[in-house]
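K.L.:
Sequence:
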Amino acid sequence: TSSSTYASGETPNESAMEQAAYSGDRFEIQRRKTMLSTMLQEVHRRYRQYCDQMLMVKTSFESIA
Numbered sequence: 001t002s003s004s005t006y007a008s009g010e011t012p013n014e015s016a017m018e019q020a021a022y023s024g025d026r027f028e029i030q031r032r033k034t035m036l037s038t039m040l041q042e043v044h045r046r047y048r049q050y051c052d053q054m055l056m057v058k059t060s061f062e063s064i065a
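Quick note on numbering: the sequence shown equals residues 1 to 65 in full-length UniProt numbering.
It is possible that part of the hints are untrue.
[As the list claims (entries may be wrong)] Derived CB-CB ranges, DEER-like:
#1 65 x 25: 56 to 62 Å
#2 59 x 24: 50 to 56 Å
#3 64 x 43: 29 to 35 Å
#4 45 x 21: 34 to 40 Å
#5 63 x 32: 43 to 49 Å
#6 26 x 62: 52 to 58 Å
Bear in mind the hints are in silico, worked out from the structure with no lab data behind them. Only a predicted model underlies this, so the values are computations on that prediction, with no experimental measurement involved. We treat Cβ as the ideally placed atom computed from N, Cα and C, and that holds for glycine.
Using the sequences and the accompanying hints, generate a full structural model.
P.N.:
Shown next, in the form of structure tokens:
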């Protein structure tokens, strides 16, 4: 019945609202994980680029010496 309550004293509507909020939280967590993964890939890409550039600098100094 609509007057029944859950163990914590909330109504079914409150439970549905909490489930919707939880679902929204899960979506936000997944969105943040995706964003962090993309950022990490960019960090790796830039680090590889930096290493390549430093290798070119080292090689140019060695060729002068």
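K.L.:
For every hint, state whether the structure bears it out.
P.N.:
Right, here's what the structure says about each hint:
1. Range check, residue 65 to residue 25: Cβ separation about 59 Å, and the 56 to 62 Å hint holds.
2. At about 53 Å, the CB distance of residue 59 to residue 24 agrees with the hint of 50 to 56 Å.
3. Our hint of 29 to 35 Å for residue 64 and residue 43 holds, since their Cβ atoms are close to 32 Å apart.
4. Look at residue 45 against residue 21: about 36 Å separates their beta carbons, and that is inside 34 to 40 Å.
5. Look at residue 63 against residue 32: about 47 Å separates their beta carbons, and that is inside 43 to 49 Å.
6. Between residue 26 and residue 62 the beta carbon distance is about 54 Å. The supplied range of 52 to 58 Å therefore holds.
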